[in-house]
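Chains as they are written, first to last, in this note's numbering: chain A, 11 to 521; chain B, 18 to 154; chain C, -19 to 95.
Keep in mind the hints are simulated off the structure, nothing from the lab.
Quantities reported herein were computed from a predicted structural model and do not represent experimental measurements.
Every residue, glycine too, gets a C-beta built ideally from N, C-alpha and C.
Misleading hints may appear alongside valid ones.
Cross-link-like lysine to any residue pairs, in silico, SDA-like; alpha carbons within 25 Å at most [as the list claims (entries may be wrong)]:
| hint | chain 1 | residue 1 | chain 2 | residue 2 |
| --- | --- | --- | --- | --- |
| 1 | C | K77 | B | S150 |
| 2 | A | K12 | B | T128 |
| 3 | A | K63 | A | E493 |
| 4 | C | K77 | B | T128 |
| 5 | C | K91 | A | L371 |
Just the calculated beta-carbon pair ranges, DEER-fashion [claimed, not checked]:
| hint | chain 1 | residue 1 | chain 2 | residue 2 | range |
| --- | --- | --- | --- | --- | --- |
| 6 | A | L427 | B | I104 | 53 to 61 Å |
| 7 | B | V81 | C | R31 | 40 to 48 Å |
| 8 | A | L487 | C | P34 | 57 to 65 Å |
| 9 | A | G491 | B | S112 | 41 to 49 Å |
| 10 | C | R3 | A | T510 | 50 to 58 Å |
| 11 | A | D282 | C | A(-5) | 46 to 54 Å |
Non-contacting residues of chain B with respect to chain C, defined by C-beta distances greater than 12 Å in every case (computed) [to be verified]:
| hint | residue |
| --- | --- |
| 12 | T25 |
| 13 | H31 |
| 14 | K80 |
| 15 | P119 |
Chain by chain, the residues:
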Amino acid sequence: MKLLLVLPLIIPLTAAGLSLLVWRSRVAQRAVGLIGMAALFVVAVLLLSAVMKHGICATQVGDWPAPFGITLVADTFSALMVLLAATIGLAVTVYSVGAMDPQRESFGYYPLLCVLLMGVCGAFLTGDLFNLYVWFEVMLIASFVLLVLGGERPQMEGAIKYVTLNLVSSAILLSAVGIVYGLTGTLNMADLAGRLRQIEMEDAGQGSFVTAVAMMFLVAFGIKAAAFPLFFWLPASYHTPPAAVSAVFAGLLTKVGVYGLIRVFTLLFVHDIGFTHGLIALIGCVTMVTGVLGAAAQNEFRRILSFHIVSQIGYMILALGMFTGAALAGAVFFIMHNIIAKSCLFLVSGVAHRIRGTYELSRLGGLYRDYPFLAVLFFIPAMALAGIPPLSGFFAKLAIIKAGLDIQEYVLVATALLVGILTLFSMTKIWAEAFWKSAPQEVDHQPATTAPRAAGYDRATRIMLIPVIFLAAMTVLAGVGAEPLLGLFSRAADELLDTTRYIRVVLEVRS
Amino acid sequence: MKSVILSTASRLVHPLLLMFSVFLLLRGHNEPGGGFSGGLMAASAFVLHALAHDAQTARRALKVQPQTLIGAGLLAALAAGIVALAIGEPFLTGSWTSFHMPGLGEWTLGTPLLFDVGVYLVVVGVSMLIILSMAED
Amino acid sequence: MNLVLAVVVGGLYAAGLYLMARRSVVKLIIGLCLIGHASNLLIFVSGGLTRGRPPLIRPGAETLTAPYADPLPQALILTAIVIGFGVLAFAMVLIHKVYVAVGSDDLDQMKSTDA
């Protein structure tokens, strides 16, 4: 039980260490990466089932009692996120075995992926605010190197923006953590929740101070989640690395920011919901609209998808802003749906790139005629993203919209519906351009980065298709099994709203 | 840039710096020092070597590849945490063992030292990886 | 003393932001570093200042006697400094590679991936 909380950190670290020891052999690195990710996946499943059975569980690292030591804590939401991270990690590792070029593989691609996964799992499992910052940094440094691995010029240009804005957000997060410590004298999130309530009760004047700190957290996590005014780093950088790296970034990194927002704005800063959560809902709305409009203006496979990440982050933030049990359940559902569908789409874009040698929609085309199976694999997650029943996206959006109707936020609901239609427009654009239209006549004004291949899938492409099939199947399954899943997500939302259980478990944990 | 003075001096200072780095590492348990500063000191010894001669020589002087150092360091730090799990304590709990060494008296070794050694190796490895990759460009 | 440090923190933030607003990549990275240091100092100040009382248990004593400096902000800053060191090392490699790839350290030359 306690072991399960630590294993999601130990396994990726072990895999990273081992694959660095065997760094000369690409085959051995792949093997270590695959075994590590598979083990992580198994542990994540066990962790979720344990949390389902026993409720929230916690452990004290190094046997220092809470609130002084670092707590690792898993509630349903955390465990779910760890499972999703492990799923994407496994899928992308399998994909990379087929897709990654030897140069990147021998320069530490697999160890970096493992460290990235460790950072992500750590951020999901920690119960300590400063430790959350540390895991963010672990994740960021790994992602920095993954982003520039290969050293092509677009990667460098994208990386400058990515690194700058993420470091700014880290500095704001660190400052906010420092101020919180000065204010309360504790960093354990469960302990903090209690202290902050106490401060507001003792002195009403401090409430506005707490709100100011809350805004710092909103900005810091907002940058990492790519929320409205500060999202420009994402579409500038996510389309530059290889598709496998894009997929893992798109699936996981921004969601860690969203996780941070949800955790902090359900557990810590709930003293002035009218203002803070109202603002969050507004930001969510604007993020949705800007993202989807930005995507409409793009004509490159991965740039469109990148803008859609921004747009869909909006949905999650909007649901957090509504702050009801149903809305939070919808948010968790949406996060799950989005992680799977988005990564899947990025992986498909990588396969298309491998086949046609380009991401430009104008130069793609005819994929449906030559590769009908790939077209189906694109169609499923794309329609899920647009919210077409019976796929996962439909039920996720339905849950959020129903929650909005319950609290009579008709403007928010209307925006969400409108954005859904625009998403459909973008997805049909990719569909029509890349898959449906006939292949463009070969009037190459710019040379393709890799030579186009003959029809049919070679061995590497077939390996790349395995995780795509797996993820596409999951979007269908999540749609078909929406009812039991929604039960799980409601449970996660209940735990988020009823913070007393979380606080009790963390503070009572005897190592 | 080749300087006779620098290359001669670096040959003399190199072992001293390395010994000092190990001193810092061991001292770090109870006093200022530790794996991080020790590792940086060791890395600086090799950087001096690289400055006095060239990056290739420094890489040869390091004998093992930086990647291997990082990997070994991560595993050593991890092992320090896993020891606690193996004896039924929470992850990373410190534990110590005492034993008698003939002629050297009573010795106490603990997992924090193992952790520090791991940090030392990782810091040396990462610093060298970065510096050598920049110097060899 | 608090006031002085507060002014220093503010000055560091201001200088960092100013440098970030320049067009040179090198200045950008220096600016990021300054902001990181400002945050570290902010933690130090917000943890409360205690002069000349390190949190060490004196020989013969069992517990600390108040007042003593809070050790936690120091531990936090130490961690943040180490992380900052790692990030800075990476940033150095990055600007070097950017310079090699782009042939300039002007941020205005790096707009081709923007939407």
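A cut-off of 12 Å on Cβ-Cβ distance, and B:P119 was said to be off the interface with chain C. Does that hold?
holds (32 Å)
Check whether the Cα positions of C:K91 and A:L371 lie no farther apart than 25 Å.
Status holds; Cα separation ~21 Å.
Satisfaction of hint between B:T128 and A:K12, Cα-Cα up to 25 Å:
Measuring from Cα to Cα gives roughly 20 Å; hence the hint holds.
Keeping to a limit of 25 Å between CA atoms, is the pair of C:K77 and B:T128 held or broken?
Not satisfied, since the Cα-Cα distance of roughly 39 Å exceeds 25 Å.
Starting from A:K63, check that the Cα of A:E493 is at most 25 Å away, please.
Holds. A:K63 to A:E493 sits at ~19 Å (cutoff 25 Å).
Are A:L427 and B:I104 spaced within 53 to 61 Å by their CB atoms?
holds (58 Å)
Regarding A:G491 and B:S112, is the given constraint of 41 to 49 Å on their beta-carbon distance met?
46 Å Cβ-Cβ, so the 41 to 49 Å window holds.
Starting from the range 50 to 58 Å, see whether the pair C:R3 and A:T510 falls in it by beta-carbon distance.
Once the Cβ atoms are compared, 52 Å apart, the range 50 to 58 Å for A:T510 and C:R3 holds.
Can the restraint linking C:K77 and B:S150 be considered satisfied, given a maximum Cα separation of 25 Å?
It holds: about 11 Å lies between the C-alpha atoms, which stays within 25 Å.
Report holds if the minimum CB distance from B:H31 to chain C is greater than 12 Å, and violated otherwise.
Consistent with the label, B:H31 stays out of reach of chain C, its closest Cβ about 22 Å off (over 12 Å).
Could you tell me whether the CB distance from A:L487 to C:P34 stays inside 57 to 65 Å?
holds (59 Å)
Is 40 to 48 Å respected by the C-beta to C-beta distance linking B:V81 and C:R31?
With a Cβ separation near 46 Å, B:V81 and C:R31 satisfy 40 to 48 Å, so the hint holds.
When each numbered hint is compared with the structure, violations occur for hints 4 and 11.
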